[in-house]
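Peer 1: In the order they appear, the protein sequences are chains A and S.
Positions in the first sequence are counted from 1; adding 4 to them yields this note's numbering.
Positions in the second sequence are counted from 1; adding 8 to them yields this note's numbering.
To be clear, the hints were calculated from the coordinates, so they are not data collected in a lab.
This structure is a prediction, so every number in the text was calculated from the model and none was measured.
Misleading hints may appear alongside valid ones.
As the list claims (entries may be wrong) - Below, computed lysine to any residue pairings styled on SDA-like, alpha-carbon distance capped at 25 angstroms:
no. : chain 1 : residue 1 : chain 2 : residue 2
1   : S       : K461      : A       : P157
2   : A       : K56       : S       : K461
3   : S       : K225      : A       : P157
4   : A       : K56       : S       : K225
5   : S       : K463      : A       : D17
6   : S       : K461      : A       : N18
7   : S       : K461      : A       : A141
8   : S       : K225      : A       : F135
9   : S       : K225      : A       : M84
10  : A       : K56       : S       : E464
11  : S       : K461      : A       : L171
12  : S       : K225      : A       : I65
13  : S       : K210      : A       : P130
14  : S       : K225      : A       : L119
15  : S       : K225      : A       : F167
16  : S       : K225      : A       : D156
17  : S       : K461      : A       : E172
18  : S       : K225      : A       : S177
Said to hold, decoys possible - Distance windows between CB atoms, simulated:
no. : chain 1 : residue 1 : chain 2 : residue 2 : range
19  : S       : G31       : A       : K32       : 27 to 35 angstroms
20  : A       : P60       : S       : G83       : 47 to 55 angstroms
21  : S       : R147      : A       : L95       : 36 to 44 angstroms
Built from N, CA and C at the ideal position, the CB exists for glycine as well.
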Amino acid sequence: MTEPIYGMMAEFDNPSALVSAARAAREKGYRQLDAYSPFPIEELSDALHLHKNRLPLLVLIGGIVGGILGYMLQYFVTVMYYPLNIGGRPLHSWPAYIIITFEMTILFASLTAVLGMLGLCGLPMPYHPAFNVPRFALASRNRFFLCIESADPLFDRDKTCEFLETLEPREVSEVAH
Amino acid sequence: MADDRQVIDAPSKKIIAPGYTFGTVTDQIASVVLTRKTPYVVMGTFAVAMGLLLIFLLAVGLLLTKGVGVWGLRGPTMWAWDITNFVWWVGIGHAGTLISAILLLLNQQWRNSINRFAEAMTIFAVACAGMFPILHLGRPWLMYWLFPYPNTMGIEPNFRSPLVWDVFAVSTYATVSVLFWYVGLMPDLATLRDRSEHRALKVTYGFLAMGWRGSAKHWAVYETASLLLAGLATPLVLSVHTVVSLDFTVGIVPGWHSTFFPPYFVAGAIYSGFAMVLALAIPLRSVYGLKGLITERHLDNAAKVMMATGLIVGYSYIMEAFSAWYSGNVYEQAAMWNRMTGPYKYQYWVLVACNVIAPNALWFKKVRSNTVVLFIWSLIVLVGMWLERFVIIVASLAQDNLPSSWRVFESTRWDWATYLGTIGLFLFLFLLFIRLLPMISIFEVRTLLPQAKIKEDSRG
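If we strip away everything but chain A, and leave its shape as in the complex, we get (with noise of 0.2 angstroms):
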C-alpha cells in the first residue's frame, strides 16, 4: 500500500479540453473534481453544477443590516442622545437621514461581499496540496487542470489515470497531500 494521494490531476493547454473533460468527468460519475484555469470560464461553472451559490443572500443580509444600523445610529444620536432642537422642527428629521443610511447599506454590503466572498472559498489558504504539482504553477498563466480527489468514492489510482488518459491530457500526475 503506497502513501495516500489527494487526487489524480490532468493538465490541458486550451480551455475547451477543460471544458469537455469536466462534462466527461461529471458523466462518468466522479462528483469531488476541481477544475483550476487562469480566467473564470462560464462554461466550466455549467459542467461543474457551480451557479448557485449563497453569496447573494449574504450580501443582501448585511446591506439590510448596514441600512438599519445607519439609520439607528442617527435616530438614536438626533432624537435620544443629543438632540438638538432647531426652530421646533421634528428631531425625526428623517429626509435628512437617507443618504448616510444609504452609505451605510452599501459600506455593509460591500464588506460582507468581499468577506463573505473569502469565507466561501476558504480563503486565505496558506497550503493547498494541489501546488505539490510542479506544473501547476502554470494554472495562473496558461494551462488548466482538472482534478479527481481522492475523496471521490469513485476514485481508484489506476482505473482514474487510465479515465483521465482517455481525455488526451498533456500530462496527468498524482497530487500528493
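Fit chain S to the known structure of chain A by using the hints.
Peer 2: Here is chain S on its own, set in the frame of chain A:
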C-alpha cells in the same frame, strides 16, 4: 431582433491586438513588475513626484504650526483652493469606478485592459482629495471628531449637515474602492506569486494572493462577488459626487443654491476623470510598450465618453446661467453676472473655453486618433474642471450678499504648494503601483483572447 446579439459581440474583435496568447499576455504584463528595468522616463517622473511630495510635507508642516491662515483664506472666502482641490480630486476618482463598475455591468469588454490602473487612480485620487478637508479643519489631529463615537464631551456630529454626509460618503467610497481593487488583484497576485523567482517576492505576493489557485469553485463565487460589488459601487459613485454637490446646494449662497447641481457635478466628475485616465494611459502605453493591450480603440472610447460628459457639463453651464436669469432673484442674477464680468471673469471664460469649446474638437476622428493631441486635450480638460470648481466656490463666496464684506480672494504660495504637493503624492503612489503591481488586469485580458472562447465539440 435576431441581429441584436451580433451587435453586442461584434466590437470585441479589435479590443486588443491580434497574435497574443495566454502566455504572452501574462508575460508582457507581469514583466513590467518582475523583470524589466524601470525606464528612465519613469525614474525621472518619480524624482519629480518625490520633490513635489516633499513640498507637500513642508506645506502641511507649516499649516500645522501656523494654521489655515497660511492659505489665502480670509473672510468671507473661508473655502477656496482646499475645497476646489477636494472636489477636483474626488471627481477624478469617479472615472475609475465608472470604468470598473458601470462598464462591467454594461458588459463593455474594452474596459478590461484599463480598469486596473483606473481603479488605482481612483484610490490615489481619493487619498489626495481626503487631505484637503482634513487639513482645512484647522486642527487636523482632531479629525476623528467627525465620526460619531461615545465621548466624554457628550457631543455628536450633526447628521442633518451635508458636511457629515460627505464624511460618510467619501470614507465609504474609499473603503469600497480599495476592496473592489483588491478583489480584482487577487488572481493577478497569484500569477505574480507563481512567476516570481525570488523567494521574498514569492512570499510577499503569495501572502497577498491569500492562496488563490484559480479553482472553478472559487471563480464561480468570485464572479458573483465582482458583479455584486460592481452593482454596489455604481449607485455609490453617483451618490458621492451628489453628496459633494449637496455641500454647496444646501447652503443658501447665491450661485450654489440650485437643484441641478448633483447631475451637473457627477457629469463633471466623469468628464475630468476620463481626462485623467487619458493623461495616464497615453504615456504609460508608449513607455511600457503596451500599445497592443491599451489600443487606439480604448483611447477613442475614453475620448468619446469625455466628450459626451463634456457636452453635459456645457449644457449645465448654459442652464446655470438660464436658471439664474429666469429665477428673477436679484442675488442669483448678480452672482452669475459677477462670475462672467467680475474679478474672476478670466477664470470663468477660460473654463468655458476648456470645458465647452475644447471638447467639441473630439467630434473629429482625427483628433481622437492623434495621441499627442488627445494627451494635451486631457490636460486642458483637467485645467478647465479645476477652474470650474474654483469659480463656483470662490466667486460665490468672495462676493456674497453683503457688499461691505466683499474681498477678492488671493492665493498664497502655500495654496500652490499644497495643491502641487498632492499632484506629487498622486504621482508618487501611482508610479509605485505600476512598479509593484500589474497595471493591467491579466486575467481579465485573458478572457478577451479569441482562444478563451469555448469550442463545443462532439464529445461534450
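Peer 1: With reference to the structure, classify each hint as holding or not holding.
Peer 2: Verification of the supplied hints:
1. Of the pairs offered as hints, the one joining K461 (chain S) and P157 (chain A) is violated, with about 33 angstroms between alpha carbons and a cut-off of 25 angstroms exceeded.
2. With a C-alpha separation of about 23 angstroms, the suggested pairing of K56 (chain A) with K461 (chain S) holds against the 25 angstroms cut-off.
3. A distance of roughly 20 angstroms separates the Cα atoms of K225 (chain S) and P157 (chain A); the hinted pair therefore holds under the 25 angstroms criterion.
4. Proposed proximity of K56 (chain A) and K225 (chain S) is supported: the alpha carbons are some 10 angstroms apart, at most 25 angstroms.
5. Annotation: proposed proximity of K463 (chain S) to D17 (chain A) holds, straight-line Cα distance about 13 angstroms (limit 25 angstroms).
6. For the given pair, K461 (chain S) sits about 10 angstroms from N18 (chain A) by alpha-carbon distance, which is consistent with the 25 angstroms threshold.
7. A C-alpha spacing of about 23 angstroms is found between K461 (chain S) and A141 (chain A), which places the hinted pair at or below 25 angstroms, so the restraint holds.
8. In summary, the hint linking K225 (chain S) to F135 (chain A) is supported, as the alpha carbons are separated by about 16 angstroms, within the 25 angstroms threshold.
9. For the hint linking K225 (chain S) to M84 (chain A), the alpha-carbon distance of about 48 angstroms lies beyond 25 angstroms, and the restraint is violated.
10. About 23 angstroms separates the Cα atoms of K56 (chain A) and E464 (chain S), which keeps this hinted pair within 25 angstroms; it holds.
11. At roughly 19 angstroms between alpha-carbon atoms, K461 (chain S) and L171 (chain A) fall within 25 angstroms of each other, so this suggested pair holds.
12. A distance of roughly 23 angstroms separates the Cα atoms of K225 (chain S) and I65 (chain A); the hinted pair therefore holds under the 25 angstroms criterion.
13. Annotation: proposed proximity of K210 (chain S) to P130 (chain A) holds, straight-line Cα distance about 13 angstroms (limit 25 angstroms).
14. Of the pairs offered as hints, the one joining K225 (chain S) and L119 (chain A) holds, with about 16 angstroms between alpha carbons and a cut-off of 25 angstroms not exceeded.
15. Taking the CA atoms of K225 (chain S) and F167 (chain A), the gap is near 22 angstroms; set against the 25 angstroms cutoff, the hint holds.
16. Distance hint between K225 (chain S) and D156 (chain A) is fulfilled; the C-alpha atoms sit about 16 angstroms from each other, no more than 25 angstroms.
17. Only pairs whose Cα atoms come within 25 angstroms are accepted, and K461 (chain S) paired with E172 (chain A) is accepted, the gap being roughly 19 angstroms.
18. Proximity of K225 (chain S) to S177 (chain A) is assessed by CA-CA distance (about 21 angstroms); at most 25 angstroms being required, the pair is judged to hold.
19. Distance hint check for G31 (chain S) and K32 (chain A): the Cβ-Cβ separation is about 31 angstroms, which falls inside the suggested range of 27 to 35 angstroms.
20. Between P60 (chain A) and G83 (chain S) the C-beta distance comes to about 53 angstroms, which sits within the given range of 47 to 55 angstroms.
21. The hinted window of 36 to 44 angstroms between R147 (chain S) and L95 (chain A) is violated, with their beta carbons roughly 29 angstroms apart.
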